[in-house]
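Peer 1: As a plain string of letters, each chain reads:
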Amino acid sequence: MTKPRFREGEMDSQWTDNDGSLAALRLQMLRFAVLQLKDETLAEDVVQDAFIGAMKNAGSFAGRSAFKTWVFAILKNKIADSVRKKARLKEISFAVDDDTSGDLEAHLFKRNGFWKVEERPADWGDPETNVLGKDFWRVFETCLDKLPDQQGRVFMMREFVDLNGHEICSAVGITTSNLNVLLYRARLRLRECLENNWFKPGDCTC
Amino acid sequence: MLNCHQNTRLISEGRERRLTFVEGVSVGAHNMMCSACRNFSRQMDTLEKMMKAYKIRSERIDE
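First to last, the sequence lines map onto chains F and S. When you line the first sequence up against the numbering used here, it's residues 48 to 253, in that order. When you line the second sequence up against the numbering used here, it's residues 85 to 147, in that order.
I should point out that these hints are in silico values taken from the structure, not numbers from a laboratory. Remember, it's a predicted structure, so these values are computed and weren't measured experimentally.
Here are the computed lysine to aspartate or glutamate pairs in the EDC-like style, where the Cα-Cα straight-line distance is at most 20 Å: (1) 133(S) - 182(F); (2) 136(S) - 209(F); (3) 85(F) - 96(F); (4) 133(S) - 242(F); (5) 136(S) - 175(F); (6) 136(S) - 188(F); (7) 139(S) - 188(F); (8) 247(F) - 129(S); (9) 133(S) - 175(F).
Could you build all of it, start to finish, from the sequences and the hints given here?
Peer 2: See below:
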């Protein structure tokens, strides 16, 4: 099925950016890419590539929102490519964990390895993600941002860019058991953060 | 028997690989007796759902 093409003039209005929406889109993309790549220069490059790629086909889009969907689809591919390429070039290198959160685990568990009473995970019910509002997603994003760098990066690669464990390990040069530890700590932190700041904020002792 | 620390690690690992039979049974037995780890385990499913929703949200256009 072919999408209706722009008539002349409509095409122009997409690129002249009178209302600044193109700039807003660029910012949105940049934010998205930085979150994945943790590298602003690289993110800039990837966003630019994605834009150029999308513009090649711009004529075939029915409207601005179709274009945005398309440009983000391209951006995701570019990010995944960039992660894989880095893996080959071994540009990404990091120590096994930047986390001082052996502390976290000591904070959550007693010496015998059982939960401290006040840290026992609560029942969140089964929140429907589609009814969670803006406030929740702001908290969620803050919790993601607060993950230590390496944990955040592998967690995002795993759960956001949808790379598999094997790809992540070779991308960042760690073993599977390192990866498992990083993912475990990321999940432990994330759930702790959400519980304290959203699901039962009253209980936060901090 | 597993303690909660070991148990939650296995629960997390179970999302990355298929647990062995013995591991699976140990986790199941622990969860049966431990509501905190049961909650943790359900929260891991919820987290995954949230990440999926978050992803769709970030790609969404008109914010």
